[in-house]
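Undergrad: Please build the complete structure, drawing on both the sequences and the hints.
Those protein sequences? They're chains A and B, same order as listed.
Just so we're aligned, residue 315 is where the first sequence starts under our numbering, counting upward by one.
Just so we're aligned, residue 5 is where the second sequence starts under our numbering, counting upward by one.
Be a bit skeptical, because a hint or two may be false.
Listed next, the stretches of chain A that the computed footprint assigns to chain B, with coverage defined by at least 3 CB atoms under 8 Å from CB atoms of chain B [said to hold, decoys possible]: (1) 333-345; (2) 350-363; (3) 373-383.
Under the rule of at most 20 Å between Cα atoms (straight-line distance), these lysine-lysine pairs were calculated in the PhoX-like manner [what the hints assert, rightly or not]: (4) 554(B) to 343(B); (5) 378(A) to 317(A); (6) 607(B) to 531(B); (7) 384(A) to 554(B); (8) 390(A) to 592(B); (9) 391(A) to 546(B); (10) 356(A) to 319(A); (11) 363(B) to 409(B); (12) 546(B) to 592(B); (13) 319(A) to 373(A); (14) 554(B) to 390(A); (15) 378(A) to 388(A); (16) 409(B) to 361(B); (17) 592(B) to 391(A); (18) 531(B) to 409(B).
Derived from the structure by calculation, the hints contain no laboratory data.
Where is the CB? At the ideal position from N, CA and C, for every residue including glycine.
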Amino acid sequence: MTKKKILVVEDEAELIGAIQIRLEQAGYEVLTASDGQEALEKARTENPDLIVLDLMLPKIDGYKVCRMLKFDEKYKKIPVVMLTARAQEKDENLGYEVGANAFITKPFKYQVLLAKIAELLGGSVFKPL
Amino acid sequence: MRLRFKIRYKLAFIFCLPALLLICVGEIIASFWGYPPLGYILLFSAIMFAFLLAMAFISGGILVKSIKKLHRATEEIASGNLDCRLNIQSGDEMEQLADSFNDMIVAIKEKRGPIEERPATLGKAAPGRYQKILQTSAKATLNVLEDLVKVEDDLELSQQSFHSIVEESTDAIIIVDRNGFVRYVNPAAETIFERMKEDWMGHLFGTPLNHERREIDISRLKGGRGTGEMTVTETTWLGEKADLVTVHDITERKIAEEKLIKLDQLKTDFVSTVSHELRTPLTIMKEYASIISDELPGKLNPGQRKYLSIIEGNIDRLSQIIEDLLDISRIDAQKVVLKREFVDLASIINDVVTQFKPKTDGKQIEFKTVFPASLPPLYIDADRIRQVFTNLIGNAIKFTPPNGKIIAEIIGKEMEFECRVTDTGIGIAAENLDKVFTRFEQFDRTEGSGAKGTGLGLAITKALIQLHHGRIWVESALNEGSKFIFTLPKYTPATLLQEHVMNSMKEAAISASAMTLFNISLADPSKLKEEFSQERLDSILKEIEGLLRKSLRGRGDIVLRNSHGLLYFLVNCDKENALKVESRLRQKLSDYLVGQGLAEKVKLHFGRATYPDDATSAEELMKKARPGVDPSKA
Numbered sequence: 315m316t317k318k319k320i321l322v323v324e325d326e327a328e329l330i331g332a333i334q335i336r337l338e339q340a341g342y343e344v345l346t347a348s349d350g351q352e353a354l355e356k357a358r359t360e361n362p363d364l365i366v367l368d369l370m371l372p373k374i375d376g377y378k379v380c381r382m383l384k385f386d387e388k389y390k391k392i393p394v395v396m397l398t399a400r401a402q403e404k405d406e407n408l409g410y411e412v413g414a415n416a417f418i419t420k421p422f423k424y425q426v427l428l429a430k431i432a433e434l435l436g437g438s439v440f441k442p443l
Numbered sequence: 005m006r007l008r009f010k011i012r013y014k015l016a017f018i019f020c021l022p023a024l025l026l027i028c029v030g031e032i033i034a035s036f037w038g039y040p041p042l043g044y045i046l047l048f049s050a051i052m053f054a055f056l057l058a059m060a061f062i063s064g065g066i067l068v069k070s071i072k073k074l075h076r077a078t079e080e081i082a083s084g085n086l087d088c089r090l091n092i093q094s095g096d097e098m099e100q101l102a103d104s105f106n107d108m109i110v111a112i113k114e115k116r117g118p119i120e121e122r123p124a125t126l127g128k129a130a131p132g133r134y135q136k137i138l139q140t141s142a143k144a145t146l147n148v149l150e151d152l153v154k155v156e157d158d159l160e161l162s163q164q165s166f167h168s169i170v171e172e173s174t175d176a177i178i179i180v181d182r183n184g185f186v187r188y189v190n191p192a193a194e195t196i197f198e199r200m201k202e203d204w205m206g207h208l209f210g211t212p213l214n215h216e217r218r219e220i221d222i223s224r225l226k227g228g229r230g231t232g233e234m235t236v237t238e239t240t241w242l243g244e245k246a247d248l249v250t251v252h253d254i255t256e257r258k259i260a261e262e263k264l265i266k267l268d269q270l271k272t273d274f275v276s277t278v279s280h281e282l283r284t285p286l287t288i289m290k291e292y293a294s295i296i297s298d299e300l301p302g303k304l305n306p307g308q309r310k311y312l313s314i315i316e317g318n319i320d321r322l323s324q325i326i327e328d329l330l331d332i333s334r335i336d337a338q339k340v341v342l343k344r345e346f347v348d349l350a351s352i353i354n355d356v357v358t359q360f361k362p363k364t365d366g367k368q369i370e371f372k373t374v375f376p377a378s379l380p381p382l383y384i385d386a387d388r389i390r391q392v393f394t395n396l397i398g399n400a401i402k403f404t405p406p407n408g409k410i411i412a413e414i415i416g417k418e419m420e421f422e423c424r425v426t427d428t429g430i431g432i433a434a435e436n437l438d439k440v441f442t443r444f445e446q447f448d449r450t451e452g453s454g455a456k457g458t459g460l461g462l463a464i465t466k467a468l469i470q471l472h473h474g475r476i477w478v479e480s481a482l483n484e485g486s487k488f489i490f491t492l493p494k495y496t497p498a499t500l501l502q503e504h505v506m507n508s509m510k511e512a513a514i515s516a517s518a519m520t521l522f523n524i525s526l527a528d529p530s531k532l533k534e535e536f537s538q539e540r541l542d543s544i545l546k547e548i549e550g551l552l553r554k555s556l557r558g559r560g561d562i563v564l565r566n567s568h569g570l571l572y573f574l575v576n577c578d579k580e581n582a583l584k585v586e587s588r589l590r591q592k593l594s595d596y597l598v599g600q601g602l603a604e605k606v607k608l609h610f611g612r613a614t615y616p617d618d619a620t621s622a623e624e625l626m627k628k629a630r631p632g633v634d635p636s637k638a
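TA: Quick look at the structure:
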């Protein structure tokens, strides 16, 4: 079984590093992007199985990235997990409105992130070590 | 008297003159005819002269007597006595005069008839009386005049005071006539509006006048703006109806108020921004610490593990402080929206107890939970109530010495559930009891183990309970322990539906928008019960509920399910959009039923009613939303 490909979009390089370690440890292949534009390019060229998307991004913000992908027939099936430090009701609503499949607020437990990813990829639910 | 003598002398003079003339002529004739003895002539002349003088005196006396009578009568008449008559029977011109005089009096009396009826005193008044009357009336007139002068002085005085009150008032006073034109302004109006009297008078006031105290914008002639509090009362101005407008300058108060609001907003924004900014580095620290702790980069020795756990503990503490600050700023900004659902409260408490188990075990604290035999699901925000229990139980553990006891219990009451967290800890002194729920209030609880908190926990807890329409209080005695008690209202799906419908209607009314109540039910439930088990039917309804929630998510809509297999949900949309929503949902649900192979057996009934188009009361709306009821006809 080939490894599932996950695109992690986050402008904090160190946070990407931490998420990458956890995802790779859980058996995923990880691609990274540090701004909205790069995220769109990588999503289109690499066609990942899932995208972990931060909302406050340079160039194009997370909401826009998500909406652009969800309006595109080719990419609308890619599940999007939104990751944000903004934990307000309206942010979450806006996230769902632009087509996000899950919404996780920082600081998050990596177990929660892994469980959400596993659920959305339809595979076996991740069980912590 | 003078009159009588005068006339007598005159008459004597008139009689004497011809007598002397006659004597002189007699003397001349006598001298011609030879003089008789001079003594005779002189004697004769003297006798003649004396006789004539006497005649003149007597006839003058008679004449004077008549005139005197006439004079008296005239005086009588002048005094108002028209009844007097002249009685002269001399048979000469005097008698004629007297008759004419009497006729005149009769004629006057006839003409003045009505006046005769005046008070007798006046009619009988003598000339002296006239003078008296005149004196009295002159005196009275003088008094009136004096009073008038005094009144005028008073008037001037009060006008002056009135003038100074109006002119020196710090509030603008403006008289506006019924056509909206300014008729008067006081100096304060000139100052407040920075507009000279000439720029006011005869100009339109401009601001609409209604008889309610309200705030108005003051736009000054030279630019610049202010705020005034305007009061309008009806008055009369120079005999015409007009409006009396007073404007109290509240510009400075307003500026101060706005500054305060801005400052408060700034504080809330600051707390929110800083907290968010802190979250990212904190997340990174937490992630790497947990990676090290999980020994992904390599094995840890006991020392490293111990110090790492201290780091992790303090990261958690910092996270908690940030979460508390964010919660308080959200509560202050009224941004906390509860996501309430029917949930099992007992399992929430059990979760929290399990979470704290390492701590209670470490301190040898006995932990007990007491729940009612049958506990229906409570309509609460599970995360928020978990937060409340975490807070209360966490505090109880912190302030209870080793070998103590903590009890968490739920007690069912008629209208609500009562939750209690009781400990055998250090307790709270009576004087501190009312400070417990105040933010940043940390009184002397040094005996408590563990790190200090933010002093926000119980303030947040109270706010969360209040958001749930509950109450919270504490009973405690020093060194005996504390008991925190809070209530949560009991909801049945029916009361809840009513509450939601009423709230949604209120919101729609405020925003002048529409709101639609949908109702979906299983068709032919008795037949379905033969076909499926109750559990299966429940799970189907639950699935449908989930589908509804998912497709309505993010629009502030609410889905409720009751035991009769009815689903209600509220959507903030008008009649036209409601139709679109319904067809979309019909499609989704039919897809689901087909997918599950249930399409043949399970049929759904749809009903809906829109406020304000179909109904204006909650009862009516719920009645008309029943499936099979046409809302426009029902």
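Undergrad: All hints are to be evaluated individually against the structure, with a verdict given for each.
TA: These are the hints, each one checked on the structure:
1. 333-345: holds (count 4)
2. 350-363: violated (count 0)
3. 373-383: With 0 residues in contact (Cβ-Cβ under 8 Å with chain B), the coverage given for the segment 373-383 of chain A is violated.
4. 554(B) to 343(B): holds (14 Å)
5. 378(A) to 317(A): Given that 20 Å is the threshold and the Cα spacing comes to 28 Å, the pair is violated.
6. 607(B) to 531(B): Satisfied, since the Cα-Cα distance of roughly 11 Å is no more than 20 Å.
7. 384(A) to 554(B): Holds: residue 384(A) and residue 554(B) sit about 17 Å apart, inside 20 Å.
8. 390(A) to 592(B): Holds, at about 19 Å.
9. 391(A) to 546(B): violated (26 Å)
10. 356(A) to 319(A): Status holds; Cα separation ~11 Å.
11. 363(B) to 409(B): Since the Cα atoms of residue 363(B) and residue 409(B) sit roughly 13 Å apart, the hinted pair holds (cutoff 20 Å).
12. 546(B) to 592(B): Status holds; Cα separation ~15 Å.
13. 319(A) to 373(A): violated (24 Å)
14. 554(B) to 390(A): holds (17 Å)
15. 378(A) to 388(A): Distance ~17 Å between residue 378(A) and residue 388(A) Cα, so the pair holds.
16. 409(B) to 361(B): With a Cα-Cα distance of about 13 Å, the restraint between residue 409(B) and residue 361(B) holds, given a limit of 20 Å.
17. 592(B) to 391(A): holds (18 Å)
18. 531(B) to 409(B): violated (54 Å)
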